[in-house]
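If you're matching them up, the sequences are chains A and B in order. Per the working numbering, the first sequence starts with residue 36, numbered consecutively. Per the working numbering, the second sequence starts with residue 39, numbered consecutively.
Quick caveat, the hints were computed from the structure, so don't treat them as lab data. Check the hints yourself; a few may be wrong.
Quick list of the computed label-pair ranges, beta carbon to beta carbon [claimed, not checked]:
1. A:140 x B:66: 37 to 47 angstroms
2. A:115 x B:110: 44 to 54 angstroms
3. B:66 x A:144: 25 to 35 angstroms
4. B:66 x A:117: 35 to 45 angstroms
5. A:119 x B:148: 35 to 45 angstroms
6. B:151 x A:138: 12 to 22 angstroms
7. A:119 x B:109: 47 to 57 angstroms
Okay, derived cross-link-like pairs now, DMTMM-like style, lysine to aspartate or glutamate, Cα gap no bigger than 25 angstroms in a straight line [unchecked claim]:
8. A:46 x A:71
9. A:74 x A:133
10. B:40 x A:71
11. B:78 x A:124
12. A:80 x B:133
13. B:40 x A:63
14. A:46 x A:64
15. B:40 x B:140
16. A:74 x A:124
17. B:78 x B:44
18. A:80 x A:63
19. B:40 x B:68
20. A:80 x B:56
21. A:80 x B:128
22. A:46 x A:117
23. B:40 x B:143
24. B:78 x B:133
25. B:40 x B:133
26. B:78 x B:68
27. A:74 x A:165
28. A:80 x A:119
29. A:74 x A:117
30. A:74 x B:56
31. A:80 x B:140
32. A:80 x A:117
33. B:40 x A:64
34. A:80 x A:165
A short list of chain A residues far from chain B (calculated; beta carbon distances all over 10 angstroms) [stated by the list, open to error]:
35. 52
36. 72
37. 101
38. 111
39. 113
40. 132
Beta carbons: idealized from backbone N, C-alpha and C, even for Gly.
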Amino acid sequence: MSNGGREVGKKVPATRRISLALDIAAVDDASLWLREVGKAYGLSKGDIFRLDLCVTELVTNIVSYAGTETGAGTIDISASIDDERVAMEVRDSGRPFDPLSVAAIVGASTLADAVVGGYGIHLVRSFAHEVRYHRCWGENVFAFVVRRSQSVTQDK
Amino acid sequence: MKMTIEQADDAVVRITFDGRLDMQGTQEIDQRLAFATSTKALRLAVDLSRVTFLASIGIRALVATAKAQVARGGRVAIVNPQPMVRNILETTGIDRLIPLYDNFESASSALRA
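Extracted from the complex, chain A is given alone in its bound form (with noise of 0.2 angstroms):
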């Protein structure tokens, strides 16, 4: 029997969205807004950190690498949540940037050697379980997933 293409039992995930000005305070209001999303339905505390430090990093290279030609722009955020996994997107209006393109940081075995910066997308592979890019009517959007911990048999 057909259910409009979902699965009979499943759940519908909750989504929850937010729309930020393309500025540095974006950072801080992203991760605020992650927080309470995430204590509201329940995840732990694990699961927040990645997805907070997800958001972090990801909203810290819209602001600092793809600024809009005229200063002003949007970023769009939304966390749909269900019992297994949180599917977030973050999408900006700025200048076309992948951050999947982005060189994998070569481990330095010396300080005298090791670049200052360049972690954020690392860590945003690292502690995501699925990502991906892509350019949509002229915007940036970059799609991750976070399995949830109980969900997650063998956890990263």
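Given chain A's structure and the hints, the job is docking chain B onto it.
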């Protein structure tokens, strides 16, 4: 973000952070940290036991501090990061550049050696 600096024993300076080393927290301590650690060689124990979150901008501050100290002949150790913060330090390879210790006493012994 709170930051305290103390002469912890006869050889080691301890810097303790308390809060989130995210963009806001790092901006709050960045200048004071650079001022305290960039002028002379120290044996420096950076206590992260009260740090609840570490973003890449906080890693940048830690690495910059350690690089500045090593360039001056100083030494730096990280003390007792919480499990998720430790995970971040290990994932980024920072633990291979700045050694981690479970408590101040073992960090102090290593910094003196």
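For the pair supplied as a hint, residue 80 of chain A and residue 165 of chain A, is the alpha-carbon distance within the 25 angstroms limit?
19 angstroms, holds
Within 25 angstroms, alpha carbon to alpha carbon, are residue 74 of chain A and residue 117 of chain A?
Holds - the C-alpha atoms of residue 117 of chain A and residue 74 of chain A are around 14 angstroms apart, at most 25 angstroms.
Residue 140 of chain A versus residue 66 of chain B beta-carbon gap, inside 37 to 47 angstroms or not
26 angstroms, violated
Taken at face value, is the distance from the CA of residue 140 of chain B to the CA of residue 40 of chain B at most 25 angstroms?
21 angstroms, holds
Given hint residue 133 of chain B paired with residue 78 of chain B - CA-CA distance at most 25 angstroms
23 angstroms, holds
Do the alpha carbons of residue 78 of chain B and residue 68 of chain B lie within 25 angstroms of each other, as the hint requires?
17 angstroms, holds
Against chain B, does residue 113 of chain A hold up as non-interface, every C-beta pair farther apart than 10 angstroms?
It holds; residue 113 of chain A is separated from chain B by about 21 angstroms at its closest Cβ, greater than 10 angstroms.
Can the restraint linking residue 80 of chain A and residue 133 of chain B be considered satisfied, given a maximum Cα separation of 25 angstroms?
Distance of about 23 angstroms is within 25 angstroms: holds.
For a C-alpha distance cap of 25 angstroms, please report whether residue 40 of chain B and residue 63 of chain A respect it.
17 angstroms, holds
Would the pair residue 74 of chain A and residue 165 of chain A pass a check requiring their Cα atoms to be no farther apart than 25 angstroms?
22 angstroms, holds
Check the hint pairing residue 80 of chain A with residue 63 of chain A against an upper bound of 25 angstroms on the C-alpha distance.
18 angstroms, holds
For the pair supplied as a hint, residue 80 of chain A and residue 56 of chain B, confirm whether the alpha-carbon distance does not exceed 25 angstroms.
Holds. Residue 80 of chain A to residue 56 of chain B sits at ~18 angstroms (cutoff 25 angstroms).
Violated hints for the displayed structure, listed by number in ascending order: 1, 6, 9, 11 and 14.
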